[in-house]
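Chains as they are written, first to last, in the numbering used here: chain E, 752 to 1037; chain C, 145 to 279.
Quick caveat, the hints were computed from the structure, so don't treat them as lab data. There could be a bad hint or two in this list.
Lysine-lysine pairs mimicking DSS-like chemistry, simulated, CA-CA at most 30 Å apart [claimed, not checked]:
(1) E/Lys-912 / C/Lys-195
(2) E/Lys-793 / C/Lys-203
(3) C/Lys-203 / C/Lys-241
(4) C/Lys-216 / C/Lys-238
(5) C/Lys-216 / C/Lys-241
(6) E/Lys-936 / C/Lys-195
(7) E/Lys-790 / C/Lys-195
(8) E/Lys-925 / C/Lys-197
(9) E/Lys-826 / E/Lys-786
A few chain C residues facing chain E, derived, Cβ under 7 Å [unchecked claim]:
(10) Ala-146
(11) Lys-149
(12) Val-153
(13) Ile-178
(14) Ala-180
(15) Asn-181
(16) Thr-183
(17) Asp-190
(18) Arg-193
(19) Ile-196
(20) Ile-222
Given the structure is predicted, the values throughout are model-derived calculations rather than measurements. Note that the Cβ used here is the ideal one computed from N, Cα and C, for glycine as well.
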Amino acid sequence: MPQAMRDIKRRIRSVTSTKQITKAMELVSSAKLRKARGKLEKTRPYFNTIVRSIQEILASSAGIKHPFLENREVKKSAYIVVTADRGLAGGYNGNVIKLAEEYAKDKKEESVIVAIGQKGKDHFTRRGYEVAGEFLHISENPQYYDAASIGNLVVELYKEKQVDEVFLVYTHFKSAISFEATTLKLLPAESIKDDVEQKRTALIEYEPSPEEVLSYLIPKYVQSAIYGALIEASASEQGARRNAMKSATDNAEEMIDDLQLSYNRARQATITQEIAEIVGGAEALK
Amino acid sequence: MANFKLEIVTPDRKFFEEEVEMIVVRGQEGDLGILANHTPLVTPLDIGRIKIKQNGEFKQAAIAGGYIEVGKEKTTIISDSAEWPEEIDLARAKEAKRRAEERLDHASKSEVDLMRAEVALRKALNRINVADKHF
């Protein structure tokens, strides 16, 4: 019996120290989540404004021909996959990667990956995908210029006809406990205007020319969409990690309770046995 | 005088959203003055200052490129960054100017580097100009 008690004691100690670690990680993620959400709230107006304004412009520019708007025959697709640099965030990385693979799996040769975050890069290089660009260690605190350089890279690829469409795969931050991996088609930009009713007939003037304005606007839209996605993803990452660590902490607590119970039982059993022995011994002496 | 609604947004904040009488922005083809009921217009903006007229008084801000969309109900300016004169860190702008000039002097760099340095220099000069006017 004392043997069993010592074992239980040791397990309680080990689970307790694990719990301390997960608890600390949970607190760290909570703090980072708060920061990321603040940033998200500041960015959303910008993102919404730019999307709305570009939708309006595209809706009223129906006649304009532009390489960024034109649907080409698709030979190669690029996927910008936004993941984290580190794990221990529950299903966060897995979900995004799974979604990207749903698209790219059957046509590995026709897919190009732009990996954001260590996890995504590792996953896709290991599986032999063509990785056109990697952006590491930016997912925790994304800056606008990071998004700009990612945007420039894909616009460049698209212009040189190395890819014929560009998708953005990221995690949408719905609330602190709910995230959803989503895809967004960035190029050709034709698809942006689909969800606006076509009744707008207001004639918009473009200076210097519609083509030049669109050449400026669409890369801008791509950059902003990527920036928005990076911000959403960073908030989701912290949220996912916090939830994962919270449930790990809860599990550890439950385990400690169970172990404590068995420890008490074992201790009680030893005491009972000792009493029985003493009583037995005393009886024998009579 | 008729007023119209002006909104200026940057990636990190909603910079401005108020009724204004007139604005003057620096387009890529030159300065543009916009009053209420302007015809719908979209044009990219240059790095420069924006003047906002409200209640007969002009306010200024530094804008680092972007574009303006003049619509029927409101006018939207979307920019990479925007600052009021009192927000500009003059020391930092001067430091940026020095760095950009240094980079331009070492002319061995590639085309892209030169362009970047030039943009940085223009942003820094713009900030310094706008901030100077203020004091």
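Among the hints numbered above, which are violated by the structure, and what are their numbers in rising order?
1, 4, 5, 6, 8, 9, 10, 11, 13, 14, 15, 17, 18 and 19
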